[in-house]
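Use the sequences and the hints to build the structure in full.
According to the numbering used here, the residues represented by the sequence shown are 17 to 187, in order.
It is possible that some hints are incorrect.
[Claimed, not checked] Below, simulated SDA-like cross-link-like pairs (lysine to any residue); rule was C-alpha separation at most 20 Å, straight line:
no.	residue 1	residue 2
1	K165	N181
2	K96	P76
3	K86	W134
4	K96	H152
5	K70	L81
6	K165	K42
7	K91	P164
8	K86	A166
9	K96	G120
10	K42	V24
11	K86	P132
12	K165	G120
13	K91	G120
Calculated from the structure, these hints are not laboratory results.
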Amino acid sequence: MPPETVEVRRSSRRRRTVSAYRDGDKTIVLLPAWLSGEDADEWVSRMLDRLAAKERRRRPTDEALLERAKELSIKYLNGKPDPVSVRWVDNQHHRWGSCTPENGTIRISTRLKGLPEWVINYVIIHELVHLLVPSHGAAFWALVEQYPKAERARGFLEGFSAAANMAPEEC
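Structure, rendered in structure tokens:
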């Protein structure tokens, strides 16, 4: 990947704010004219980091979701569930996620995008466990509880559902 092209524009009318945006394959950073070179460099770096983080939050990919599921499987479930596919879907209006144990596929509702990472991790772990245990019995919940924030995430999702007037359903 080629190095990022950054154009710094200074303005005497700009007094206190610094901003950045993408313009095609170039990033424009807008700075007040009075900023020193060292301060300007620091602000450019900060704004590039901010812009990159914003873009990552806005566009979580299916590939990133699969990688995340594999990492969670290793960390909390000894790598036993090995999903073949994990992807975002927008047709789940009453479930946070679903899976098909027979072929190792997991689907996560796009309604979760923008929620805290630990909540999304919980839903992924819930579905990973379903690859091993299809029912919601004691063995299932014992595995889900390996995730330290499982109870907190369930409470978050119940509250989120209530606030959105949705019936809190199992994943």
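Do the hints match the structure? See the list:
{"no.": "1", "hint": "K165 with N181", "verdict": "violated, 24 Å"}
{"no.": "2", "hint": "K96 with P76", "verdict": "violated, 25 Å"}
{"no.": "3", "hint": "K86 with W134", "verdict": "holds, 15 Å"}
{"no.": "4", "hint": "K96 with H152", "verdict": "holds, 18 Å"}
{"no.": "5", "hint": "K70 with L81", "verdict": "holds, 17 Å"}
{"no.": "6", "hint": "K165 with K42", "verdict": "violated, 40 Å"}
{"no.": "7", "hint": "K91 with P164", "verdict": "holds, 11 Å"}
{"no.": "8", "hint": "K86 with A166", "verdict": "holds, 18 Å"}
{"no.": "9", "hint": "K96 with G120", "verdict": "holds, 12 Å"}
{"no.": "10", "hint": "K42 with V24", "verdict": "holds, 11 Å"}
{"no.": "11", "hint": "K86 with P132", "verdict": "holds, 19 Å"}
{"no.": "12", "hint": "K165 with G120", "verdict": "violated, 24 Å"}
{"no.": "13", "hint": "K91 with G120", "verdict": "holds, 18 Å"}
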